[in-house]
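Visitor: Letter by letter, the chains look like this.
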Amino acid sequence: MMASDSIAIENVSKIFGSGDAKVAAVDGVHISIRKNEFFTLLGPSGCGKTTLLRLIAGFEFPTSGHILLDGTDVSDTPPFRRPINTVFQNYALFPHMTVEENIGFGLKMLDRPKAEVAARVAAMLRLVRMEALAGRRTNQISGGQQQRVALARALAPAPKVLLLDEPLSALDYKLRKEMQIELKRLQAETGITFIFVTHDQEEALTMSDRIAVMAAGKVLQVGTPREIYDAPANRFVADFIGESNILAGTVEAVAGGVASVRLAAGGRMEAVAPDGASTGPASLLVRPEHARLAAAAGAPAGALVGTLADAVYFGTDTHFHVRLADGTDFTVRQQNRPAGEAAFAVGEAVAVVVEPRAARLLGEDQPRGAVP
Amino acid sequence: MARPFDVRRQRGFTLIAAFCFALLYLPIAVLVVYAFNAGPSLSRWEGVSLRWFVAAANNAQVIEASIRSLQIAVSAAVVATAAATLAALATTRTPPYRGLTTTYAAINLPLMVPEIVTAVALLIVFARIKMATGYTGLGYLIAAHTAFCIPFAYLPIRARLEGMDLNLERAAADLYATPLRTFRHVTLPLLWPGILAGFMLAFVISLDDVVITEFVKSGGQDTLPTYMLGQLRRAITPEMNAISTVFLALSIVVVTVFFLVSRKRD
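Sequence lines, in order, name chains A and B.
Read left to right, the first sequence gives residues 1 to 372 (my numbering).
Read left to right, the second sequence gives residues 1001 to 1266 (my numbering).
Derived from the structure by calculation, the hints contain no laboratory data.
There's no promise every hint is true.
Stated by the list, open to error - With the C-beta cut set under 7 angstroms, the calculated list includes, among others, these residues of chain A facing chain B:
(1) 16
(2) 59
(3) 61
(4) 64
(5) 85
(6) 92
(7) 110
(8) 313
(9) 358
Here the structure is a predicted model, which is why all the values come from computation and not from measurement.
In this text, a Cβ means the ideal position worked out from N, Cα and C, and glycines have one as well.
Modelling step: build the complete structure from the supplied sequences, incorporating the hints.
Guide: This is the structure we're talking about:
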């Protein structure tokens, strides 16, 4: 635990059930979250991210391990004594109270003077731009407005940490984009540590300072969005974040962080190798936007060749699906240019040119069973 | 094109429906109408009069039995609702445990036990207690009514608790409310319509109980229903209709008030 840490999760496990029906929802998780960080727990449903959030909130208590808040062990502290507030997935606004009463609830329970509560509620209403609806019942406002009230209610007591459990999943696309910006603004203005749970990788990439990718109760990788995307620790992370092409091959030599790989689809490729990479069978990752199509005739040496199986137009870009010699599917995403550029016909033989340093050797997959 | 099946379009549906409604409401309508009969007959109409209402209001036995009925019903409903609320909280706000189903069964079993069995059992037990203590007051009736009212009060309260989002109580705890304050500020206000419904149900069930009351009551402890039953064995006048009509009107008022109150809260 360092002084700059807001939350330290030390070897925390949470086991539900007993005997043969035991399930480790959270399995030996060890992460530190810094002060004023926007930290995201990302993973498929059932990966343990929500359980981890509930352990931090105090709705569940760890089976083993410790949770530290600003250096103090809060593992056994009940939720009403933790200066941590939660924005629930379904908002959980109190239906028998007005917007104002909802926002003031935390401060009222802290026995703050009435005048202070009123002033703070007014400030919160301003912060989330809900002044006009202060006296409304929570069932008289829209989903987006309920979301803002839930945020204001959780921020009003000025917690040290704010937990957000997939708070945007119930909103439509446009509103979700707006709220993403709103959340970043609120975090910057309040200076509170945000721990955000989502299964939406795009949301995680655009909003987070750092991301922890989880599967089967374990943390597979912690890093900045760029680290997670560009240098995924293993195949699961590579698959889960963004689109990926995985090529099978055999590492023949490793030197100076570069591996020379013989591909099952034919040819040879240089790949960025993580520390400790060794020779033998391996998987290569190539992102679809890091490759381009070329005519098969006169393709540069070392290019992958295959047949164009499909081309899907996406407006800004086109996704080309190429069937390689060994049957592997490889997707190339190419930005669309002004009309007139030579197109490729489906069924045509094409070459896939991978940019230098774009291929990356993937590490071992530990939790194979976790891959959905 | 095949029309979706609609039971209302079946031959004879209207007739069966009309017959069922007639069976339900016609006797009550006749009873109410004859409460206003000027003559002493239940079958021969002799003009409109309020004389049987006046007679009932001046009948000391009716007054006494009504007051006793209300005393028992209010006491039994209050105690039963309190017990049922605690039982509902204990069976819904807890992680599932071995024996939870058995607990449900134990709480609801009185609904299944034939009333006459309970009545005889209580008669025997209370007789012993009476002999041992010499106490012969209303306590026995209140205790008996409380016992059979609990499952009735329990049903709507449990239903309300099960329909309540557990995250609301978690949110309160998250916002620094101790368990007691969570109950006071969140659970109880949201549970209130369920508690009210449980109370009303218990109140009504107690008010018109005959079997258990008949077995448990001591001499001179007639409630309104047992008094009316006693009267039926003699010459019967529209006074019984008048009492029933007041009873009915009271029930309708109570149910309507409850409906309006609970709708406003939601």
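Visitor: Hint by hint, note whether the structure agrees.
Guide: Hints and how they fare:
1. 16: 10 angstroms, violated
2. 59: 5 angstroms, holds
3. 61: This interface hint is violated because 13 angstroms lies over the 7 angstroms limit.
4. 64: With a closest approach of 20 angstroms, the residue 64/A hint is violated.
5. 85: 6 angstroms, holds
6. 92: Hint holds; residue 92/A Cβ to chain B Cβ min 4 angstroms, cut 7 angstroms.
7. 110: 5 angstroms, holds
8. 313: For residue 313/A, the interface hint is violated, since the closest Cβ of chain B sits about 40 angstroms away, which is over 7 angstroms.
9. 358: 45 angstroms, violated
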